[in-house]
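If you're matching them up, the sequences are chains A and B in order.
Adding 71 to a residue's 1-based position in the first sequence gives its number in my numbering.
Adding 71 to a residue's 1-based position in the second sequence gives its number in my numbering.
Treat the hints with care, since some could be wrong.
Subject to a maximum C-alpha distance of 27 Å in a straight line, what follows is the list of computed DSS-like cross-link-like pairs (lysine-lysine) [to be verified]: (1) B:K416 to B:K135; (2) A:K130 to B:K416; (3) A:K435 to A:K389; (4) B:K435 to B:K301; (5) A:K119 to B:K291; (6) B:K389 to B:K301; (7) A:K416 to B:K130; (8) B:K119 to B:K389; (9) A:K416 to B:K119; (10) A:K389 to A:K119; (11) B:K416 to A:K119; (12) B:K291 to B:K301; (13) B:K291 to B:K130; (14) B:K389 to B:K435; (15) A:K291 to A:K301.
Heads up, incomplete: computed chain B residues facing chain A, CB under 7 Å, no partners named [what the hints assert, rightly or not]: (16) G142; (17) P235; (18) W236; (19) D402; (20) R403.
No wet-lab data here; the hints were simulated from the structure.
Computed from a prediction, not measured in an experiment: that's the story for all the values here.
From the three backbone atoms N, C-alpha and C, an ideal C-beta is built for every residue, glycine too.
2 protein chains.
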Amino acid sequence: MESQRFSMLCRSAVLAVVTIAGVLGLAKSVAAQAITDLQTPDTPLVLKAQGSFFVGGEKAEQTKMELGDLGPGGHITLNQMYVRYMVPQNGAGNVPVVMVHGATLTGKSWETTPDGRMGWDEYFVRKGHPVYVPDQVGRGRSGFNQAVLNDVRAGSALPANLPPWLRFSDEVVWPNFRFGSAPGAPYSDTQFPVAAVDELSKQGVPDMSFGMPRPSPTIKALSDLATQLKGVVLMGHSQSGPFPLEAALLNPSAAKGLVLVEPGRCPDAYTDQQIATLATLPVLAVFGDHRDTPTGISTRPSWQISFDSCQALIGRLKAAGGDAQMLNPPDRGVRGNSHMIMQDKNNLQVADLILQWIGEHVSKRRGGSK
Amino acid sequence: MESQRFSMLCRSAVLAVVTIAGVLGLAKSVAAQAITDLQTPDTPLVLKAQGSFFVGGEKAEQTKMELGDLGPGGHITLNQMYVRYMVPQNGAGNVPVVMVHGATLTGKSWETTPDGRMGWDEYFVRKGHPVYVPDQVGRGRSGFNQAVLNDVRAGSALPANLPPWLRFSDEVVWPNFRFGSAPGAPYSDTQFPVAAVDELSKQGVPDMSFGMPRPSPTIKALSDLATQLKGVVLMGHSQSGPFPLEAALLNPSAAKGLVLVEPGRCPDAYTDQQIATLATLPVLAVFGDHRDTPTGISTRPSWQISFDSCQALIGRLKAAGGDAQMLNPPDRGVRGNSHMIMQDKNNLQVADLILQWIGEHVSKRRGGSK
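Build out the structure end to end from the sequences listed, making use of the hints.
Here is the structure:
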């Protein structure tokens with residue numbers, strides 16, 4: 072399970088670094104994205120409601136030192152999950168969509184693209200779906216448990232107790248997210264807005280998933296969110312690609328559809344009982360192009376291996392009578408999509424394919440409008 | 072400067088912890104906020120645009136180990152500031168408002184309140200102002216520099232190189248944020264929604280401000296944001312209360328008004344030249360009630376000291392010909408406001424007073440509609 076969930080975290084050696092100072096603008100200040108890069112839609116966004124809240128969380132008692140030597144020991148909340156939401160004015164009866172980001176990233180993944188275009192969060196709302204965007208537990212506005220950091224600082228815990236804090240370098244991203252086979256060398260047909268790749272770099276945050284409780288508290292929080300919303304489409308990406316499956320197993324009745332966007336790996340160890348449960352739900356896996364790019368990562372030499380693992384899971388689900396399928400844009404003549412498919416130049420075209428699947432496989436069965 | 076900016080971080084001893092397990096629900100799982108707690112406004116929110124982007128950031132080269140032993144060394148971006156924004160459909164010409172959160176918190180401070188009511192972010196938009204809500208550099212979706220954590224873990228840096236990671240305990244919050252004089256014992260007139268205090272607890276994230284470059288990169292990012300937006304009202308809270316002043320000194324022409332909400336302290340060391348510059352801008356300080364509550368913090372035994380420091384700054388600005396004033400709701404018969412005044416039960420009433428001030432002191436001078 073651990074190796075599945077974090078396979079995209081690339082524990083092993085990656086490609087040798089290519090010198091790309093000119094292309095990436097290294098060793099210099101990064102220009103702020105101009106406000107004028109942010110595109111304004113032609114029509115207003117009309118929201119019935121918007122805001123944010125938390126799901127889950129537990130109280131923990133920590134020492135004065137663990138709280139940063141600020142005051143006496145006391146209680147704080149840990150493992151809560153921040154969620155931002157937008158509900159369209161004319162979306163009554165439509166199934167909500169929950170969008171979960173991948174490793175070293177936050178919910179920002181689904182918002183305005185690096186080059187200032189509309190993200191999937193707003194687009195799905197404009198198509199009538201309430202949208203909920205969490206920050207995974209342990210990242211972004213969900214916070215994390217700082218106790219061990221302060222204990223190590225104070226000498227009351229050993230440095231070996233620290234979790235690793237992961238970041239993807241700009242150089243690793245190019246082949247691993249499949250913008251091109253090497254840093255600064257985009258595929259001629261790449262759909263990623265590579266001129267704005269520095270804006271993607273800014274989305275990176277330290278990821279201490281390896282120091283988190285297992286399974287990730289995010290999974291239970293997603294299940295609880297789905298339950299509270301009385302049924303949702305759960306969408307995961309990359310590291311969180313399998314999370315919709317895991318959350319659905321906790322409460323299958325609240326998961327109306329599962330969308331796995333470029334999962335690091337589809338689990339191959341589910342029992343027949345688990346497969347039978349998941350086969351009651353519509354499942355869609357979504358992958359981009361150039362999956363044969365050598366990532367240089369020994370645990371997954373190419374994303375084709377991730378694709379194949381999902382094909383295998385789809386096969387098991389279908390054999391159990393399930394409604395599972397692969398959305399592979401190249402099969403439809405759509406070429407050049409990257410791992411960050413929700414930010415690609417044709418991101419709304421891909422979104423339309425997912426929306427069409429939701430309409431046909433989730434909403435009709437559910438009896439809602441969409 | 073350092074002591075000013077971080078005075079609210081309460082380095083010293085605070086109140087003895089009172090046993091409040093029953094009231095705070097300690098040592099048990101925290102119930103997720105029910106979706107039904109989230110209030111839906113009577114009228115839709117109509118947005119011309121919404122989304123998110125980053126301001127600033129610099130490239131840094133880090134070692135394989137500093138990146139979490141994920142791959143080879145390479146470059147990442149540091150010190151960028153995440154900003155979420157909403158622009159009202161009918162807000163042409165109105166001055167944008169930038170809302171910056173305080174210590175151990177994120178931009179969530181300004182969003183939906185702990186008990187599910189509308190936050191200032193949406194309310195100011197509904198009143199016609201574009202609103203920009205950052206996460207301070209080093210927190211939330213802005214990320215932070217994880218290099219030293221991984222270096223200490225690997226043994227290539229000493230634990231003493233770690234910054235302290237600060238959190239406010241639930242017990243400290245009660246007197247320090249002035250919900251009551253002791254944990255679980257609210258003032259009879261408190262405006263804070265104390266029944267939902269556990270939801271405020273979930274807003275806490277680790278704060279490594281003491282490990283950040285000085286001055287905080289957030290200040291330069293705020294100035295750059297104000298410049299890009301061609302003039303804004305800068306609003307800071309608590310730890311970031313003085314940030315609007317600091318950002319305005321970097322580019323006074325882009326700061327059209329400064330709102331200091333419950334600043335930890337108003338700076339007392341500005342030169343006459345700096346005061347002359349700040350006196351060209353409208354300045355409003357805002358404080359809540361119960362400022363004589365003993366915080367137990369030796370560097371600021373009560374928030375009255377913060378209030379007095381701002382009165383002193385206002386005096387200097389007025390003596391220099393400036394338009395500076397204090398908004399003290401108790402003077403208007405409005406009692407019981409807390410340090411988290413933007414989340415108080417009467418938060419929109421206080422917002423109206425600030426909006427009135429913006430209308431009279433910023434927009435008229437600026438020539439905009441609001």
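Outcome of the hint check:
| no. | hint | in the structure |
| --- | --- | --- |
| 1 | B:K416 to B:K135 | violated (49 Å) |
| 2 | A:K130 to B:K416 | holds (25 Å) |
| 3 | A:K435 to A:K389 | holds (19 Å) |
| 4 | B:K435 to B:K301 | holds (16 Å) |
| 5 | A:K119 to B:K291 | violated (36 Å) |
| 6 | B:K389 to B:K301 | holds (26 Å) |
| 7 | A:K416 to B:K130 | holds (25 Å) |
| 8 | B:K119 to B:K389 | violated (38 Å) |
| 9 | A:K416 to B:K119 | holds (22 Å) |
| 10 | A:K389 to A:K119 | violated (38 Å) |
| 11 | B:K416 to A:K119 | holds (22 Å) |
| 12 | B:K291 to B:K301 | holds (15 Å) |
| 13 | B:K291 to B:K130 | holds (16 Å) |
| 14 | B:K389 to B:K435 | holds (19 Å) |
| 15 | A:K291 to A:K301 | holds (15 Å) |
| 16 | G142 | holds (3 Å) |
| 17 | P235 | holds (4 Å) |
| 18 | W236 | holds (4 Å) |
| 19 | D402 | violated (31 Å) |
| 20 | R403 | violated (28 Å) |
The structure shown violates the earlier hints numbered 1, 5, 8, 10, 19 and 20.
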